[in-house]
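Visitor: What follows is each chain in one-letter form.
There are 2 protein chains.
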Amino acid sequence: MRVTFEEMKDQFQRVLVSVGFSEERAALCARIFAENSRDGVYSHGLNRFPVFVQMVRDGHIHVKGEPVCLEQNGAVERWDGQLAPGMYTATRAMERAIGLAKTHGLGAVAVRNTNHWMRGGTYGWQAVAAGCIGICATNTIANMPPWGATEPRLGNNPLVMAVPRQEGPLVLDMAMSQFSFGKLQEYELKNKTLPVDGGFDQNGELTKDPAAIRESSRPVPIGYWKGSGLSLMLDVLVASLSGGRTVAQITAEGTEAGVSQFFLCIKADTLDQRISEEIIEYARTAQPESEDASVRYPGEGTLATRRQNEKEGIPVNEEIWQQVLGL
Amino acid sequence: MRVTFEEMKDQFQRVLVSVGFSEERAALCARIFAENSRDGVYSHGLNRFPVFVQMVRDGHIHVKGEPVCLEQNGAVERWDGQLAPGMYTATRAMERAIGLAKTHGLGAVAVRNTNHWMRGGTYGWQAVAAGCIGICATNTIANMPPWGATEPRLGNNPLVMAVPRQEGPLVLDMAMSQFSFGKLQEYELKNKTLPVDGGFDQNGELTKDPAAIRESSRPVPIGYWKGSGLSLMLDVLVASLSGGRTVAQITAEGTEAGVSQFFLCIKADTLDQRISEEIIEYARTAQPESEDASVRYPGEGTLATRRQNEKEGIPVNEEIWQQVLGL
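Note that the protein sequences, when read in sequence, are chains H and E.
The numbering of the first sequence is the numbering used here, which starts it at 729 and goes up by one.
The numbering of the second sequence is the numbering used here, which starts it at 729 and goes up by one.
Hints are not guaranteed to be accurate.
Pairs involving identical chains hold if they fit within one copy or between any two copies, as the list cannot separate such chains.
[Stated by the list, open to error] Derived DMTMM-like pairs: lysine to aspartate or glutamate, alpha-carbon spacing no greater than 20 Å straight-line:
1. 936 <-> 925
2. 1039 <-> 734
3. 830 <-> 997
4. 1039 <-> 738
Quick caveat, the hints were computed from the structure, so don't treat them as lab data.
Using the sequences provided together with the hints, build the complete structure.
Guide: Printed below as a string of structure tokens:
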């Protein structure tokens, strides 16, 4: 089953207003949820929406919270998100980073006490639409052991990098685990093995078996020790720049709420876009590994899915869609 | 065999002056080469020194080149490195990014037409010593296929992130390939297999055999498709911000010269360092995977090696040391 973008957005809007959102804020959050599904990130679009509404009802997300600037230092600001909806605050923070970049060449906003931003790529697309390079990161609840250990202490801590490009921006949206929890589940439900090692089994051996990784709670970070280090650094960066919660504190509270984020923009409207073009074209001159394979730049798949879903409607999980209609 | 830091630095200084460096510039570059060996990064310390001298003699590195600022836009500058020694220009660029950060809260310098910076971590340590968070990246010659292809089109493009911390800064210095060429060679010479998959063999199967990866020229990026995307993004970032050479152009010229780099600093002298402390301590509460294993933060191993080598002298490859003495 497929629904149109407008239909999905309108339903989200209706539900958000019903749980206390202002019309304006509901419109922004409904648009982002619908865009996430439209762009193929279903896990952080429709499929996440009921969870989001429950978090509002449970009081983890303050629908009327308004982020405040705690401190300004030139082109850097530190904000408190006041537990407002994460997508709202992230949009405002990136907007401000864009404004700072227009004035100073670059600008950054660190936000403490904010909430899940859903798809990090959203704010990368926002930055490039304003002619900026955007880089942002968030921390999360712990879901991976650090390299050399067996218990989860590191967050998935997605990192986003986006560069404007006329024919389709480059947008990298990359979590620190090799496979997300949702992806592991997807493989397990289909009874398939992973294409590459995704974690350790209970004997401490690397494995492609998603069930074994679920049982051990030992998914691996990208690049093993390297992603382990990068995940830790991103937590240090977002938490210490914002003065906010660390992965440790978020995990101790048991709910992925009150997280720390960082948004950086660099003015890029005078960049020579032929350079990006050349880099993409060069990558594409490499011999594909098989007839079906092709080299894609970050963001290319998103744009293709967006165009398809705009034309054909957004595919939905009918059960979840019915659930939202009933909210 | 071990030599003292001073002895190593003095030899480097002597040789650099003999190939045309000013005393001052020789002192800076000699110090960085000696520090790299002292910190355990032998591949970019003593072991690289004869190659560097050869590149000077071959005219790829202009010993008297002086980087120039092409453009200033608030807290962002664009420089041309004039093919000066890469460590010299990188030090000056990070120094300027620090200065911009002190004024504007954050600052950045993009440099085109510069040369190999040897160990990227050097400039991370430089930033933290000045009370700044430092982030920098460089492009390189192509050494890995993009995901889905079989021919090298991506650079190793190291990414450095450094955060000040009294008891030892956090410094991540991470190339995009799972194993460096030198590391693969080291395993092959010892007839050992890699601890995790490091590339594809000639049949397109993932392998831990370093010789098979050498034969196929298909090392894998960290996180497979993820690191492939990140490597491409870093090339876009450094080349388009600096208006400099891409991995494609560097590779076409056949010599790793005239590369593009980016240096970003954020003023961090008022950050609450207890936050980093908490993150490190939390990671260390995880059960180690074996009796020998331990969780380390990025930079911890470097500092330990530095202290040991300061005490005991820096271990050297005698053949290369003799070669340097004879230069």
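Visitor: The structure should be examined with respect to each hint, and the outcome stated for every one.
Guide: Consistency of the hints with the structure:
no. : hint         : in the structure
1   : 936 <-> 925  : both (5 Å within a copy, 12 Å between copies)
2   : 1039 <-> 734 : within (12 Å within a copy, 68 Å between copies)
3   : 830 <-> 997  : within (10 Å within a copy, 25 Å between copies)
4   : 1039 <-> 738 : within (18 Å within a copy, 68 Å between copies)
Of the numbered hints given earlier, the model fails none.
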